[in-house]
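Novice: Sequence:
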Amino acid sequence: MALVEKRPRSPTGDGGALIETKKAKSNALMTMGPERTSSMLAPIMMLQGHGGEVLSFQFDPAGKHCASAGHDKDIFLWEVYGECANYAVLKGHKAAVLQIQYSIDNEHLWSCSADKTVMLWDVETGKRLKKMVGHSSFVNSVCPSRHGDHLACSGSDDGMIFVWDPRQRGAAVSFTDEYQVTAVEFSDDGLSVFSGGLDNEVKAWDLKMPDEARDEWSGHTDTITGLKVSPDGTMLLSNSMDNTLRMWDTRPYVEGERCKRVMRGHAHSFEKNLLRCSWSADMTKVASGSSDRMVHIWDADEARLLYKLPGHTGSVNDVAFHPYEPIIGSCSSDKKIYLGEIKA
Numbered sequence: 225m226a227l228v229e230k231r232p233r234s235p236t237g238d239g240g241a242l243i244e245t246k247k248a249k250s251n252a253l254m255t256m257g258p259e260r261t262s263s264m265l266a267p268i269m270m271l272q273g274h275g276g277e278v279l280s281f282q283f284d285p286a287g288k289h290c291a292s293a294g295h296d297k298d299i300f301l302w303e304v305y306g307e308c309a310n311y312a313v314l315k316g317h318k319a320a321v322l323q324i325q326y327s328i329d330n331e332h333l334w335s336c337s338a339d340k341t342v343m344l345w346d347v348e349t350g351k352r353l354k355k356m357v358g359h360s361s362f363v364n365s366v367c368p369s370r371h372g373d374h375l376a377c378s379g380s381d382d383g384m385i386f387v388w389d390p391r392q393r394g395a396a397v398s399f400t401d402e403y404q405v406t407a408v409e410f411s412d413d414g415l416s417v418f419s420g421g422l423d424n425e426v427k428a429w430d431l432k433m434p435d436e437a438r439d440e441w442s443g444h445t446d447t448i449t450g451l452k453v454s455p456d457g458t459m460l461l462s463n464s465m466d467n468t469l470r471m472w473d474t475r476p477y478v479e480g481e482r483c484k485r486v487m488r489g490h491a492h493s494f495e496k497n498l499l500r501c502s503w504s505a506d507m508t509k510v511a512s513g514s515s516d517r518m519v520h521i522w523d524a525d526e527a528r529l530l531y532k533l534p535g536h537t538g539s540v541n542d543v544a545f546h547p548y549e550p551i552i553g554s555c556s557s558d559k560k561i562y563l564g565e566i567k568a
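Take 225 as the starting number for the sequence shown in our numbering and just add one per residue.
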């Protein structure tokens, strides 16, 4: 049975509060400094409350709220502005939550877990709407369609990629890979699914021809840990344990190589966490998690490293750009989430 634990918008410091919002202990880590570029209360905000490593972080499409999840099995919902209050905790998964993603209409949140399930949540009420069962091992990645058709895809250690429609029982479409699948993404048009896994290949699967992958793109030399389609749908970002971030042209006909840029500077370690990656809304920047405890941000056109942002004391597992403001969010094995301003 899924549970939602509602939190007051301005919690006090009692035993159940996740954020201390008294003036004496603000979440603002920096109140003065360079010229401000966002509407946050301070240039850097720290969010605490998770009881274990935080593995996934996302801003909602409106940019007013964000969500995080990880080893403690819970999904935390936060406010982006003001004191970044934690206003709800979604409970229902029985093992670590490995990835979360908001639906494009901002009404739902998708989650996947080491408990072999995918879940769909109502972000307004916090209620679980659907529990999807079918995978036989850890579900490493989940991604909703961008077309408001309520579909989502998931990838698992069982080598299966499922496309889910909450309106029907079981998976609507299934693809079978020979290797564990560690990352999935829907294409911009919703007709294909991209996947990455232990065989180092980026694969494209056609929903109408599920028997085998339509395309396979080579370049990485180690496990792919994260995928992200660009806001305009023409490019795919991939993060790998070979310590590279690659940018692929997803259009049907491409001049020259599919891989257009390779970025370096971040690191994967013996922990072998599934480090994710992200695009800025204007596509001028890309970012990646890193085991060196830094948030790495590159210029997307020049593949030039722009920032190595410190603060975390553990592996940075996921990063996300705010949809409208120059804010980057990151989550880490240190159980913390940071929201920080960058230059516009």
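Since the hints were derived computationally from the structure, they do not count as laboratory data. Mixed in with the good hints, there may be bad ones.
[Stated by the list, open to error] Within a straight-line C-alpha distance of at most 27 Å, the following computed DSS-like cross-link-like pairs (lysine-lysine) qualify:
1) LYS340 to LYS318
2) LYS340 to LYS288
3) LYS288 to LYS532
4) LYS297 to LYS351
5) LYS354 to LYS288
6) LYS496 to LYS288
7) LYS567 to LYS297
8) LYS351 to LYS340
9) LYS496 to LYS532
10) LYS354 to LYS340
11) LYS559 to LYS532
12) LYS318 to LYS532
Novice: Look at each hint and say if it fits the structure.
Specialist: These are the hints, each one checked on the structure:
About 9 Å separates the Cα atoms of LYS340 and LYS318, which keeps this hinted pair within 27 Å; it holds. Of the supplied pair hints, the one linking LYS340 and LYS288 is violated, its CA atoms being roughly 30 Å apart against a limit of 27 Å. Of the pairs offered as hints, the one joining LYS288 and LYS532 holds, with about 25 Å between alpha carbons and a cut-off of 27 Å not exceeded. This hinted pair checks out: LYS297 and LYS351 have alpha carbons roughly 16 Å apart, not beyond 27 Å.
For the given pair, LYS354 sits about 25 Å from LYS288 by alpha-carbon distance, which is consistent with the 27 Å threshold. Under the criterion of a C-alpha separation no larger than 27 Å, the hint pairing LYS496 with LYS288 is inconsistent with the structure, at around 32 Å. In summary, the hint linking LYS567 to LYS297 is not supported, as the alpha carbons are separated by about 34 Å, beyond the 27 Å threshold. Proximity of LYS351 to LYS340 is assessed by CA-CA distance (about 20 Å); at most 27 Å being required, the pair is judged to hold.
With a C-alpha separation of about 20 Å, the suggested pairing of LYS496 with LYS532 holds against the 27 Å cut-off. As the CA atoms of LYS354 and LYS340 are separated by approximately 14 Å, the hinted pair is consistent with the 27 Å bound. For the proposed pair LYS559 and LYS532, the alpha carbon gap of about 20 Å is at most 27 Å, so the pair holds. Restraint check: the Cα-Cα separation between LYS318 and LYS532 comes to about 35 Å, which exceeds 27 Å; the hinted pair is violated.
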